[in-house]
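Undergrad: If you read the protein sequences in the order shown, they are chains A and B.
Start counting the first sequence at 1; every next residue gets the next number (the numbering used here).
Start counting the second sequence at 1; every next residue gets the next number (the numbering used here).
Calculated from the structure, these hints are not laboratory results.
Keep in mind that the hints are not guaranteed to be accurate.
It does not matter which identical chain is meant; a pair holds if it fits inside one copy or across any two.
[What the hints assert, rightly or not] In silico lysine-lysine, BS3-like type, Cα no more than 30 Å apart, as pairs: (1) 265 to 289; (2) 147 to 289; (3) 48 to 147; (4) 147 to 45; (5) 48 to 265; (6) 289 to 152; (7) 152 to 48; (8) 152 to 265; (9) 45 to 152.
Number of protein chains: 2
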Amino acid sequence: MRVDGTPYRTIWASHDAGRVSIIDQTRLPHEFVVAELATPAEAAKAIKHMQVRGAPLIGVTAAYGLALALRADPSDASLEAASAALTATRPTAVNLAWALGQMRRRVAPLPFADRAEAAFAYAGELADEDVALCAAIGDHGLPLIRKIAEAKSGAPVNILTHCNAGWLAMVDWGTATSSMYKAHDAGIPLHVFVDETRPRNQGASLTAWELGQHGIAHHVIVDNAGGHLMQHGEIDLVIVGTDRTTATGDVCNKIGTYLKALAAKDNDIPFFVAAPSPSIDFAINDGVKDIPIEERDEEEVAIMRGVTADGRIEQVRLTPTGSPCANPAFDVTPARLITGLITERGIIAATREAIAAAFPERVLHTQPNRK
Amino acid sequence: MRVDGTPYRTIWASHDAGRVSIIDQTRLPHEFVVAELATPAEAAKAIKHMQVRGAPLIGVTAAYGLALALRADPSDASLEAASAALTATRPTAVNLAWALGQMRRRVAPLPFADRAEAAFAYAGELADEDVALCAAIGDHGLPLIRKIAEAKSGAPVNILTHCNAGWLAMVDWGTATSSMYKAHDAGIPLHVFVDETRPRNQGASLTAWELGQHGIAHHVIVDNAGGHLMQHGEIDLVIVGTDRTTATGDVCNKIGTYLKALAAKDNDIPFFVAAPSPSIDFAINDGVKDIPIEERDEEEVAIMRGVTADGRIEQVRLTPTGSPCANPAFDVTPARLITGLITERGIIAATREAIAAAFPERVLHTQPNRK
Chain A
1 MRVDGTPYRT
11 IWASHDAGRV
21 SIIDQTRLPH
31 EFVVAELATP
41 AEAAKAIKHM
51 QVRGAPLIGV
61 TAAYGLALAL
71 RADPSDASLE
81 AASAALTATR
91 PTAVNLAWAL
101 GQMRRRVAPL
111 PFADRAEAAF
121 AYAGELADED
131 VALCAAIGDH
141 GLPLIRKIAE
151 AKSGAPVNIL
161 THCNAGWLAM
171 VDWGTATSSM
181 YKAHDAGIPL
191 HVFVDETRPR
201 NQGASLTAWE
211 LGQHGIAHHV
221 IVDNAGGHLM
231 QHGEIDLVIV
241 GTDRTTATGD
251 VCNKIGTYLK
261 ALAAKDNDIP
271 FFVAAPSPSI
281 DFAINDGVKD
291 IPIEERDEEE
301 VAIMRGVTAD
311 GRIEQVRLTP
321 TGSPCANPAF
331 DVTPARLITG
341 LITERGIIAA
351 TREAIAAAFP
361 ERVLHTQPNR
371 K
Chain B
1 MRVDGTPYRT
11 IWASHDAGRV
21 SIIDQTRLPH
31 EFVVAELATP
41 AEAAKAIKHM
51 QVRGAPLIGV
61 TAAYGLALAL
71 RADPSDASLE
81 AASAALTATR
91 PTAVNLAWAL
101 GQMRRRVAPL
111 PFADRAEAAF
121 AYAGELADED
131 VALCAAIGDH
141 GLPLIRKIAE
151 AKSGAPVNIL
161 THCNAGWLAM
171 VDWGTATSSM
181 YKAHDAGIPL
191 HVFVDETRPR
201 NQGASLTAWE
211 LGQHGIAHHV
221 IVDNAGGHLM
231 QHGEIDLVIV
241 GTDRTTATGD
251 VCNKIGTYLK
261 ALAAKDNDIP
271 FFVAAPSPSI
281 DFAINDGVKD
291 IPIEERDEEE
301 VAIMRGVTAD
311 GRIEQVRLTP
321 TGSPCANPAF
331 DVTPARLITG
341 LITERGIIAA
351 TREAIAAAFP
361 ERVLHTQPNR
371 K
């Protein structure tokens, strides 16, 4: 999507130059910086330190990380080592392991001399597939928004979103945001309430930024405010993303998503999850019990980063010295709270049957390989 | 309670010196500063700028503000003007109007010469009553904690709390925290999860600080995390405060309380509200419909205040330039989500019948005066 008028993707690469470029998302929204990754270690670091974040973008970055490894050393040992190092960066997102698995299946049969170029090409295909997939999700979500707009006869449709399932979390378009961009481009009046999404503030810093760059009206709210807005009819629709979707339709997403789903249910507001099929883990049936939740550094809670009145980026501690913090990064929203999953093949119910019917080839192919 | 080993209240006064002293809570947890209020305007400013906050402490501060006004000018005009100015500072907390009403009824019949001294004395009585009331709430809540501790045979009782309904919000003891202090002092092992409570972070900055000063084990969490912890059995009990309680048991409290109540209900975890009777507004029956919710400055969401690594207090902006924020300060938790109200007269159901039975004199006295 556009940044200051220029179209960008979140990641792009040159095999010849041996270089992968990313938008350094830790610098947003106060600075727009492109970072270069030249080694698999730099790719792993970019994932671990969340210069790139969002399940699909993490997958594509890991794929390019493998390509960088093979460019330096195309051996099987190199392939295995880079794959292990990249897999270890983030435990929750299923796309990471999926993308690396796809890459290895593709390059492992090739002669050493061909591996690097093929890996770059295939990582590029993964990126293009992600763009097509996000665009399709937007096309399928658009009628939801259009229908509400028609019922409101011209008043803006108010959408709540949590975290950043925007184009910054993908390669382009985004998942949760894709139908918002499609609706806006189709001239449907739209207003988005953006949860700031503590502790890392991806909503306040990334979603607000990308919606603003695209001209979509929005307000940032604290994560506490969504329930109140729903009680007072100020939200027509909730659309969030997913880091991992179970075979039964449970959704593991940024911490706090579950609370918004409860509030949507309590107020009869449709709660949709934009769920690209690579996020679906057919080996997991009970999200709350079986998805491991990453416990991240307590400094993410204790310390906040922003820009001072005179333009310096500064970190400040919020908590008293001696007060420890706990920092679970994701939670699981049970399928019973989800109105529907917006997938690249259409909107489906968050049930085992509907998911299996929409992605029959994934049920068969994936199950024997996992757990 | 204790600060660095010394017992304090949050407010104390001297009629002779014409001075009211408060702990300036905007400086916590990074600095402990006592501020002096010499005029009703300074008292109003302290309330408005949240140097004092929490419904009961706001009420006592307003009472002392009226006393300061009468010390300077004991006329009826002065009484009316100060009363109006103090009432206008915060629209949501019922204690403010209640305390000012009580003060006026007491001093209005007196000769001008006696008004100031009587007002100081009566404000002091209000403060003492608040301490007794908070202590009583703690005594009634203590058995809840003791019972869970017995069932857990020695493992710490995990309590979640939201915002600061601690002694810093009252004169001493606190409401939600009172039973925690009583339990801790009784030797019951305890651990508190403290919601940071965006946008103003009263949990991370005040509750964590006061629990830490008293030696109670705790972790600060982001407001998003409570639902996840409840899903995983890490919370035994929720205790929060209330800014305004309806005649039917709905509770208006810091924004985000409703979301935690939904999660507690979804996970069968007892959700108690420490509700001193002055917080009960017998004229309101439907909290969601009829309690006006203060919309506060958007800068509270956009800008965060903390301490830098080198010890300076600094403000940083979190949101992109051009992204507006919405900032509703409270939400309403419907009575159906509340396990019980811990009042100074015991634990009662959050129902009209139970509330009326516990406070029959309030039903009669208050109803004709309102709305």
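Undergrad: Next, verify each hint and record whether it holds.
TA: Against the structure, the hints come out as follows:
1. Taking the shortest alpha-carbon separations for residue 265 and residue 289, both the intra-copy value of 22 Å and the inter-copy value of 19 Å come in at or below 30 Å.
2. In the homo-oligomer, the alpha carbons of residue 147 and residue 289 lie at most 30 Å apart only across protomers (28 Å), although the nearest pairing inside one protomer, at 36 Å, exceeds that limit.
3. Taking CA atoms no more than 30 Å apart as the test, residue 48 paired with residue 147 passes in neither setting, with 40 Å inside one copy and 44 Å between copies.
4. Taking CA atoms no more than 30 Å apart as the test, residue 147 paired with residue 45 passes in neither setting, with 43 Å inside one copy and 48 Å between copies.
5. Proximity of residue 48 to residue 265 under the C-alpha cut-off of 30 Å is found in neither arrangement, the shortest distances being 34 Å within a copy and 36 Å between copies.
6. Within a single copy, residue 289 and residue 152 get their C-alpha atoms only as close as 40 Å, which misses the 30 Å cut-off; across copies the closest is 22 Å, which meets it.
7. When the C-alpha separation of residue 152 and residue 48 is checked against a cutoff of 30 Å, the pair qualifies neither within a copy, at 43 Å, nor between copies, at 38 Å.
8. Taking the shortest alpha-carbon separations for residue 152 and residue 265, only the intra-copy value of 21 Å comes in at or below 30 Å, while the best inter-copy value is 33 Å.
9. Proximity of residue 45 to residue 152 under the C-alpha cut-off of 30 Å is found in neither arrangement, the shortest distances being 47 Å within a copy and 42 Å between copies.
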